[in-house]
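Asks: If you want the building blocks of each chain, they are given just below.
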Amino acid sequence: MTYVVRRAEPTQPTLFEKVPAIWWAIALLLIAMPLFASNFVLFQIFGWTFILGMIALSLMFLAGYGGMVSLIQMTVGAMAGYMVAILGTSGVPTISLGWPWWLYIPVAILMAAIFGTLVGALAVRTEGIYTIMITLAIASAFFYFTRQNYGLFNGYTGFNRVIPPELFGIDWRQATPFYYLTLTCAALSYFTVVYVSRSPFGLALQGVRDNPRRMGALGFSVTAHRILAYTFSSVIAAVGGILLVWQNSQVSPGTAGIPQVIDILVIAVVGGIKRPIGPFIGALIYVLLRVYSPDVLLAFGLSGERFKLVIGLGFLIIVFFSPDGVLGLWEKYKARRAAQTDPLRGGRS
Amino acid sequence: MQSFYKRHPVWSIILLFLIAGFVWLIATPWSPGLEQVLGRKRIFLNAVLSGITLGALYFLVASGFTLIFGLMRNVNLAHGSLYLLGGYIGYEVANVTGYWLLAFPVVFVLVGALGLVLQHQVFRRMEGEELRQTLVTIGISVVLADIMLWIWGGQSYQVLSPDWLSGPMTLPLVTALRSNGDPVYLTYPQVRIVILVAAIIIGIAMWLVLNRSRLGMLIRAGVDDREMLAASGVRIQYVFLAVFAFGAGMAGMAGIVGGTFQSLTPGEDTRFLLASLVVVIVGGMGSIPGAAIGALIIGLAEQLGLVYAPTYSVVFTFLIMAAVLAFRPQGLLGAGR
Chain X
1 MTYVVRRAEP TQPTLFEKVP AIWWAIALLL IAMPLFASNF VLFQIFGWTF ILGMIALSLM
61 FLAGYGGMVS LIQMTVGAMA GYMVAILGTS GVPTISLGWP WWLYIPVAIL MAAIFGTLVG
121 ALAVRTEGIY TIMITLAIAS AFFYFTRQNY GLFNGYTGFN RVIPPELFGI DWRQATPFYY
181 LTLTCAALSY FTVVYVSRSP FGLALQGVRD NPRRMGALGF SVTAHRILAY TFSSVIAAVG
241 GILLVWQNSQ VSPGTAGIPQ VIDILVIAVV GGIKRPIGPF IGALIYVLLR VYSPDVLLAF
301 GLSGERFKLV IGLGFLIIVF FSPDGVLGLW EKYKARRAAQ TDPLRGGRS
Chain L
1 MQSFYKRHPV WSIILLFLIA GFVWLIATPW SPGLEQVLGR KRIFLNAVLS GITLGALYFL
61 VASGFTLIFG LMRNVNLAHG SLYLLGGYIG YEVANVTGYW LLAFPVVFVL VGALGLVLQH
121 QVFRRMEGEE LRQTLVTIGI SVVLADIMLW IWGGQSYQVL SPDWLSGPMT LPLVTALRSN
181 GDPVYLTYPQ VRIVILVAAI IIGIAMWLVL NRSRLGMLIR AGVDDREMLA ASGVRIQYVF
241 LAVFAFGAGM AGMAGIVGGT FQSLTPGEDT RFLLASLVVV IVGGMGSIPG AAIGALIIGL
301 AEQLGLVYAP TYSVVFTFLI MAAVLAFRPQ GLLGAGR
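Sequence order for the protein chains is X and L.
For the first sequence, the residue numbers in the numbering used here are 1 to 349.
For the second sequence, the residue numbers in the numbering used here are 1 to 337.
No wet-lab data here; the hints were simulated from the structure.
For each residue, glycine too, the CB sits at the ideal point set by N, CA and C.
A few of these clues could be false.
[To be verified] Example chain L residues on the side facing chain X (calculated, C-beta under 8 angstroms, incomplete):
id, residue
1, L110
2, L135
3, I140
4, V142
5, M148
6, I151
7, L196
8, I200
9, E227
10, L274
11, I320
12, A323
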């Protein structure tokens, strides 16, 4: 008699098992948020967090995977916002063309992507800190140009009453729909960035970041990969910019002023520039500080206008102690915990 | 000069013609046909002079920036804040004591001391981490900007120039001919001319120090190869401290100058940071003559642009920068490294 010994099939973990439980909990919490959170929290805090997080995510993609710290992302977002205002409807009917939404949204994203690609083509001629300087210079040129140009960008005032189209009979500027809109866009861009970072293009880009000369010798075009990275990140920044303009219902030169441009860098760095989740954490911290620090400052008897000081000091402290942002701090903490509990390294088990 | 002519004979001749044409435009009275195309000569001359004096101011700000960058590879994005801080302190000093000139040494020492502290306490701890240094300077500029807004508020200040500098002076430049053939000479604010002359003197002095003194030799050696200089026994940290303090002090003094012939408002720090960025990108990183040429080009482009194409004057500056980047990424006088 022969026995057939059946070995247990090596079970492939399902998607549900592969993702740690805490992620599922966060996802559930985010989806269920409108059940218990107030409209202010949904619209102002989380809507804004997701939007800023997306724009900072585009910077994170460039900086973390491409090694290029670009300050142009907010400007690309503002460019998309301006395109939406110019091509769609706004409070300035003399300039706005009033196209339908299915036309002006793709065109706006396309224009912003072209703009970002052109800037990228200029910026990749330089390296490291030069890239920061050049993108900062271009960003401020955009700011001053939009402030002076009245024919197309309507100068200092910009465009007001730029609102999302009423699709499916829903007013997308209501708190709950807007929350879900931004959540969906943020989640989509997050997963796209994760996917692209593991795709052949993303891997080649990381290779270019680590050793451009070797990648060039292997036959990869270093410049093309870098410029393409700018294009891809511009698309994400453009979506974020459009959402930002819809949230504020206006776009003006101040949307991409120099403080705003630098804020995006602050957010990405504070959150952690190595992983795609970092920018969202940074954005949440930034938004919470931005919204609540005036109250806290007032409680301590200081003027509420000093929130910038708080943000600047916080940024300084984080950069000073942990170049990888909050995520870096967390990882340091985990490593120390692991070392402490590891009996081989002198810790108690 | 000689070598430049030998390497680029065609470009030299084109440049020579351009400069000659420019001088001709400035020196001779304009014919009616030319006035029809370019407008009144007085306006043109005023724009050119404003451009040159603005360029002098940009040079004062950018020279410290470019020195710091060239030696320490540190993009000091707080440079604009140092400029504004110097302007505010200078305003207070000039206001309290009543001596405009006294403000310069006081500001130089104070802002220079701040530079010393920054270099010694902050940047030395993260040497070689360029990105982190840059981020820290951004943080410092945000904090400084808000502290200055706290102390001095949002209104604009103007440093008053002393009596012996105020008022116009007549320059030997003909703007037009009267009907009886007498030439009309250009009058221009005296304080701007004095500042221009001072900037030129400072520029020449810096060039002399850099090229003829031992300290300058150390700095140039440091720009070329920091490690080798340190290995040959020079205490490079002291050189770093000196250069950073000097650069910061220059930015502070430029703040007084800027506060005298323009004004001091909270947005000025980023404006001058941007100006120094563009000047340094155009002129070439770490080169003092490059900063001078870049400042002159940017100042002229800005002012001439303001007169002849008001909407697009910013774009001119930007286009110049883009063109330089596209054809000569290391800057006009930057070393090809």
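Asks: Does the interface hint hold: is M148 of chain L within less than 8 angstroms of chain X, judged Cβ to Cβ?
Replies: violated (11 angstroms)
Asks: Holds or violated: the hint that L274 of chain L contacts chain X, with Cβ atoms closer than 8 angstroms.
Replies: Holds. Min distance 5 angstroms.
Asks: Would the hint on I140 of chain L stand, with a C-beta cut-off of 8 angstroms toward chain X?
Replies: Cβ of I140 of chain L sits 7 angstroms from chain X, so the hint holds.
Asks: Quick check on I320 of chain L please, does its C-beta sit within 8 angstroms of some C-beta on chain X?
Replies: violated (11 angstroms)
Asks: Can I200 of chain L be said to touch chain X, with a Cβ gap under 8 angstroms?
Replies: violated (26 angstroms)
Asks: Just to be careful: measuring from the Cβ of L110 of chain L to every Cβ in chain X, is the smallest value less than 8 angstroms?
Replies: Status violated, d = 21 angstroms.
Asks: Does the nearest C-beta of chain X fall within a distance shorter than 8 angstroms of the C-beta of L196 of chain L?
Replies: Cβ of L196 of chain L sits 25 angstroms from chain X, so the hint is violated.
Asks: Do the numbers back the hint for I151 of chain L, that is, is its least Cβ distance to chain X under 8 angstroms?
Replies: For I151 of chain L, the interface hint is violated, since the closest Cβ of chain X sits about 12 angstroms away, which is over 8 angstroms.
Asks: Given L135 of chain L as an interface hint, is its Cβ closer than 8 angstroms to any Cβ of chain X?
Replies: With Cβ-Cβ at 5 angstroms, under 8 angstroms, it holds.
Asks: Given A323 of chain L as an interface hint, is the shortest Cβ-Cβ distance to chain X below 8 angstroms?
Replies: Constraint on A323 of chain L not satisfied, violated at 10 angstroms.
Asks: Given a cut of 8 angstroms on the nearest C-beta pair, is the interface hint for V142 of chain L held or broken against chain X?
Replies: Cβ of V142 of chain L sits 3 angstroms from chain X, so the hint holds.
Asks: With a cut-off of 8 angstroms, does the beta carbon of E227 of chain L approach a beta carbon of chain X closely enough for the hint to hold?
Replies: It is violated, given that the least Cβ distance between E227 of chain L and chain X is near 18 angstroms, above 8 angstroms.
Of the numbered hints given earlier, the model fails hints 1, 5, 6, 7, 8, 9, 11, 12; all others are met.
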